[in-house]
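Position chain B relative to chain A; hints supplied.
Residue numbers (my numbering), protein chains in the order written: chain A, 145 to 353; chain B, 145 to 353.
If you are wondering where the hints come from, they were derived from the structure by calculation, not from laboratory data.
The reader is advised that the hints may include incorrect statements.
[Claimed, not checked] Each computed BS3-like pair below joins lysine-lysine, with the alpha-carbon atoms no more than 30 Å apart:
| id | chain 1 | residue 1 | chain 2 | residue 2 |
| --- | --- | --- | --- | --- |
| 1 | A | K295 | A | K228 |
| 2 | A | K146 | B | K288 |
| 3 | A | K146 | B | K170 |
| 4 | A | K286 | B | K155 |
| 5 | B | K152 | A | K170 |
| 6 | B | K288 | A | K308 |
| 7 | B | K155 | A | K155 |
| 8 | A | K183 | B | K183 |
2 protein chains.
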Amino acid sequence: MKLQSIRKEYKLSVLDESSISKNPLKQFEEWLNESFKAKVPEPTAMSVASIGLNGFPESRIVLLKDFNRDGFTFFTNYNSNKGKSIAKNPSVGLHFFWPELERQIRISGIAEKTPDEISDKYFISRPELSQIAAIVSNQSSKIKSREKLTKLFDEEKSKLKPFKRPDYWGGYVVKPIRYEFWQGRENRLHDRIIYEKENGNWNISRLAP
Amino acid sequence: MKLQSIRKEYKLSVLDESSISKNPLKQFEEWLNESFKAKVPEPTAMSVASIGLNGFPESRIVLLKDFNRDGFTFFTNYNSNKGKSIAKNPSVGLHFFWPELERQIRISGIAEKTPDEISDKYFISRPELSQIAAIVSNQSSKIKSREKLTKLFDEEKSKLKPFKRPDYWGGYVVKPIRYEFWQGRENRLHDRIIYEKENGNWNISRLAP
Numbered sequence: 145m146k147l148q149s150i151r152k153e154y155k156l157s158v159l160d161e162s163s164i165s166k167n168p169l170k171q172f173e174e175w176l177n178e179s180f181k182a183k184v185p186e187p188t189a190m191s192v193a194s195i196g197l198n199g200f201p202e203s204r205i206v207l208l209k210d211f212n213r214d215g216f217t218f219f220t221n222y223n224s225n226k227g228k229s230i231a232k233n234p235s236v237g238l239h240f241f242w243p244e245l246e247r248q249i250r251i252s253g254i255a256e257k258t259p260d261e262i263s264d265k266y267f268i269s270r271p272e273l274s275q276i277a278a279i280v281s282n283q284s285s286k287i288k289s290r291e292k293l294t295k296l297f298d299e300e301k302s303k304l305k306p307f308k309r310p311d312y313w314g315g316y317v318v319k320p321i322r323y324e325f326w327q328g329r330e331n332r333l334h335d336r337i338i339y340e341k342e343n344g345n346w347n348i349s350r351l352a353p
Numbered sequence: 145m146k147l148q149s150i151r152k153e154y155k156l157s158v159l160d161e162s163s164i165s166k167n168p169l170k171q172f173e174e175w176l177n178e179s180f181k182a183k184v185p186e187p188t189a190m191s192v193a194s195i196g197l198n199g200f201p202e203s204r205i206v207l208l209k210d211f212n213r214d215g216f217t218f219f220t221n222y223n224s225n226k227g228k229s230i231a232k233n234p235s236v237g238l239h240f241f242w243p244e245l246e247r248q249i250r251i252s253g254i255a256e257k258t259p260d261e262i263s264d265k266y267f268i269s270r271p272e273l274s275q276i277a278a279i280v281s282n283q284s285s286k287i288k289s290r291e292k293l294t295k296l297f298d299e300e301k302s303k304l305k306p307f308k309r310p311d312y313w314g315g316y317v318v319k320p321i322r323y324e325f326w327q328g329r330e331n332r333l334h335d336r337i338i339y340e341k342e343n344g345n346w347n348i349s350r351l352a353p
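Chain A on its own, in the form it takes in the complex (with noise of 0.2 Å):
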């Protein structure tokens, strides 16, 4: 397969700093509204990046569920190999990426657990059978087989209702630290545009494509 030849021209929009939101909370929602008007197939889709306990930096997609003032909100469980590896080290990257727009948003930030009654909200939120997942799904752990993992998801549904949230799942919130909208541009002159916060206010800085 010959891959080198394959590049397309990013043409679509433009990101300069006359333009841009001084408050990147709001930039960020302009753009996951425009994600959604564009129809990407999955706009709440993000790659979450933490530093793995054999010191490999890795990521993964979650669904963001939430954003605010006080940071960005996925769920997951808290004995999977990203929750341990972010209650070593909480400093994580979220990263979007919508390729029919030609753009990137990139976070830093500090991830903490959410409140019980935040993850009790949501959990019972979610269909019944996806509950019934998180709880018989030891999350990263090796199975010996799928039939393994249908069978604990068989036997737990046939228990009394309602489901109860297991203290191993929950959500996290990430309190961003720096932000960074990428538009990508003509000839690989692409906008980047970044957010540093500094004495609890936002610096807008460009930086070279």
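Showing chain B alone in chain A's frame:
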């Protein structure tokens, strides 16, 4: 914006031990081929996670330009944040996400610079205007304005051809030590198959979702 209820059931496909390749590179090639066939918008786009000089894991999109038994190759500016972080710690994570196929591929590996001949060969294969952009952009450094960048670009463009690859621009090849293939499934009971290198062989396991 109410994000909590945004979810979709993944039902497109299945990943199981009986049908996967024993060789993760072959399995990768198969899925990459299928992403081309499915016409995903940027099939060669992958996020590269590294550990930044500030200690935060961070990822960004690059295009995969080659893959073979030696590893996975991409090109960049060696003085970019990405280049500096790899110089300090060559452990990286590669991550492909194809929502149209409900698939992810995650690779952990060690990055090293490609030989000069490889970087030269790829550099001159790029469109001339992209070559100029690589020469004039001090990637990831702060710049005063876009105008400053385009002025440098225009100056360089007026110079004599052919353009030469600058020594601060070139490739990395990432040698995998671990692969994960992820296929979304119904009720969040996703299929996750990993390959881990041990004594030169690839061991295959299934992870709980």
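Hints, verified against the model:
1. Taking the CA atoms of K295 (chain A) and K228 (chain A), the gap is near 26 Å; set against the 30 Å cutoff, the hint holds.
2. The straight-line distance between the Cα atoms of K146 (chain A) and K288 (chain B) is roughly 38 Å, outside the 30 Å bound, and the hint therefore fails.
3. Restraint check: the Cα-Cα separation between K146 (chain A) and K170 (chain B) comes to about 15 Å, which is no more than 30 Å; the hinted pair holds.
4. Between K286 (chain A) and K155 (chain B) the CA atoms are separated by roughly 23 Å; this keeps the pair inside 30 Å, and the hint holds.
5. This hinted pair checks out: K152 (chain B) and K170 (chain A) have alpha carbons roughly 26 Å apart, not beyond 30 Å.
6. At roughly 54 Å between alpha-carbon atoms, K288 (chain B) and K308 (chain A) are farther apart than 30 Å, so this suggested pair is violated.
7. For the hint linking K155 (chain B) to K155 (chain A), the alpha-carbon distance of about 34 Å lies beyond 30 Å, and the restraint is violated.
8. With a CA separation close to 16 Å, the supplied pair K183 (chain A) and K183 (chain B) stays within the 30 Å bound.
Taken one by one, the earlier hints fail for this structure at numbers 2, 6, 7, listed in ascending order.
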